[in-house]
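All chains should be built: construct the whole structure from the sequences, respecting the hints.
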Amino acid sequence: MGGCEIATLNHLMGQTRLPVFTRGMRQRRMKDREKIREYLFGTLLPTAVSARPGDDASLFDLGLDSLRLMQLLVFVEQSLGVNLPDHEMTPERVESVDAIVEWIGEHR
Amino acid sequence: MNAATNVFDLLAHAADTHGNGVAIDYCGESIRYVELIDRAERLATVLRDAGAQPGSRVAHAFAKSIDALVAMFAIARTGAAYVPIDPAWPADRIACICDDAGIGIWTGTNAPPIELASRVRRAFVSRADNSDAVALASSVESPRMTGAVPAPDRGIANLLFTSGSTGRPKGVEVTTLSLDHFSRWGANQFQLTSADRIANHAPFNFDLSTFDIFASVRAGATMCPVPERVKMFPYQLAKFIAEQRISVWYSVPSALVMMQLRGQLAEHDFSSLRHVIFAGEVMPTPALHALIGLIPNVKWTNLYGPTETNVCTYHSVNHNDTLSTAPLPIGRPISDTRVWIVSDDSREVATGESGELLVAGPTLTTGYANDAQLTRLRLVPAPDGDGLAYRTGDRVRARDDGVLLFEGRIDRMIKCRGHRIEPGEIEAALFGHPSIREAAVIAVADPVFGNRLRACVAFRDGAGASQADLIAHCRANVPAYMVPDEWDIRDALPQTDRGKIDLRALADSR
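One line per chain: the protein sequences are A and B, in this order. Just so you know, we're using our numbering here: the first sequence kicks off at -2 and counts up by one. Just so you know, we're using our numbering here: the second sequence kicks off at 700 and counts up by one.
Some clues are possibly wrong.
Said to hold, decoys possible - FRET-style restraints, in silico, Cβ to Cβ:
1) GLU89/A with ALA1175/B: 25 to 35 Å
2) GLU89/A with SER817/B: 34 to 44 Å
3) PRO985/B with SER55/A: 32 to 42 Å
4) SER893/B with GLU35/A: 49 to 59 Å
5) PRO985/B with THR40/A: 25 to 35 Å
6) GLU89/A with GLU1047/B: 25 to 35 Å
7) ALA1206/B with SER55/A: 33 to 43 Å
8) ARG944/B with ARG20/A: 20 to 30 Å
Claimed, not checked - Subject to a maximum C-alpha distance of 25 Å in a straight line, what follows is the list of computed SDA-like cross-link-like pairs (lysine to any residue):
9) LYS938/B with ARG20/A
10) LYS1114/B with LEU66/A
11) LYS938/B with GLU99/A
12) LYS1114/B with ASN1150/B
13) LYS930/B with PRO82/A
Read the hints as simulated data drawn from the structure, not as lab findings. The structure displayed is predicted, hence computed values, not measured ones. Each residue gets a CB set at the ideal place from its N, CA and C atoms; glycine is no exception.
See below:
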């Protein structure tokens, strides 16, 4: 795999490409998740610690709107150092913590 | 065509003159004018049989869809007024609005919230569920409503509810005359034709949407609603304009600023776009300059006007505006509209001096639903003695050439993403929280969204609440756009000599 942290295997059918995660990448992804959760539920969409939603909860239902979405992107860029391409920004990419972490992971 | 006495007349005219033209294109799902009037008149029969008639108000709670326009024109056909409701508002607020408007019939994408069960007699919905609501689609089996199109009671075409400073939303009565006049002016000013594809970005409870709907129908053009799922995403929004071949775009400035920042505008093909119109809040000049650079062959127009006056002034962006960083003017009055700038003692100020803008003309509201006191306060005898004028609460100054400049509010109203927000309504909600002793909501300038909301609160002795708890409380009581973005929790709020909360000190203290 050389210096890359991510490699892909061709699935048996030769169509689906499965990501293979290295240990460093898994750890980074866990850190991203923690930071995103803290920013979302501590600052952007504050929720009592005891009542924090799951990673698959709909952020739109929790109040993610255009203003907060722009703030989230700035946070990802400045605090995680990841640039998320504008053209990839769709409802599916930001609907949950899971989706956002996945998206960030693709640009690490 | 002659002056419309009912907005339905505009649709009837379009069906006569451009019957086979596409009235609405919702991302590929489309309806021609002859089909739109057919469906609207069949639904009108159903609504009339349910009791809709001149004088009644019918809830209109739709997501962007063809059904939304069918229902709007069906309500108009019966002579009733439509009352746009955002289904995402807290149920208590919807109930409060339905009470004020005296709503007995509901139309919407979904059934009304259960809190309204005792108020709503009949409901007609796109998505029928297990409730008593009737599927809109079933109206195709009813005959078309025939006979003369009745004028609505007191000429009121719809009620648009906006934030109220006392904690209760207020319903602005928008007249048929206003919509007829404004759509005529707009179709003429922007030279709309049946070849135009006009975007509908604003929600139906925003007065901006009345341009998209009625100016489009008047011209026999195609209206293209922007899907909700696209609105928050600047790149998708830009792609929508390009792919839907939009020719006229109208939105709040923040939607445009978001596209300028995150829309990668240089990547899209905007060759169909010829006019961009914006209104609802101040357009940041640097963002406008950048937009003009990115979309060069387009005309830009700034519209101004509170819901109570509809659009009352306009400014076509010119070469000089691109050289200056000064705020964009709000311009000159639209046709048949008179404006005055007056001082605190209601005297007209000299040219160049600031004062409150008063507006009179055909687009003026008749007042607020169920609130004669507020109506008397805001609608005052016009300075020229001809009818009434609306006190806008906006501080305005005229240049030597007569062009008007907006300078701010004389009261506390805040504009945020085009929404009109009375801090008093949010404060009233905050005071409903058992732990709060003092509360004030102020605006904090934001480069993209104009303003953000900051709540400053102090708790009762021994009491407290988490920010999350306060937000949850607000979300249950006011619409999402009125939930404060920032929280400043203090032991006590600063006071003026007179013992009132010192808002200036709060604003300055950061």
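task: Taking the numbered hints from earlier one at a time, note which ones the structure violates and give those numbers from smallest to largest.
output: Violated hints: 6, 8 and 9; rest satisfied.
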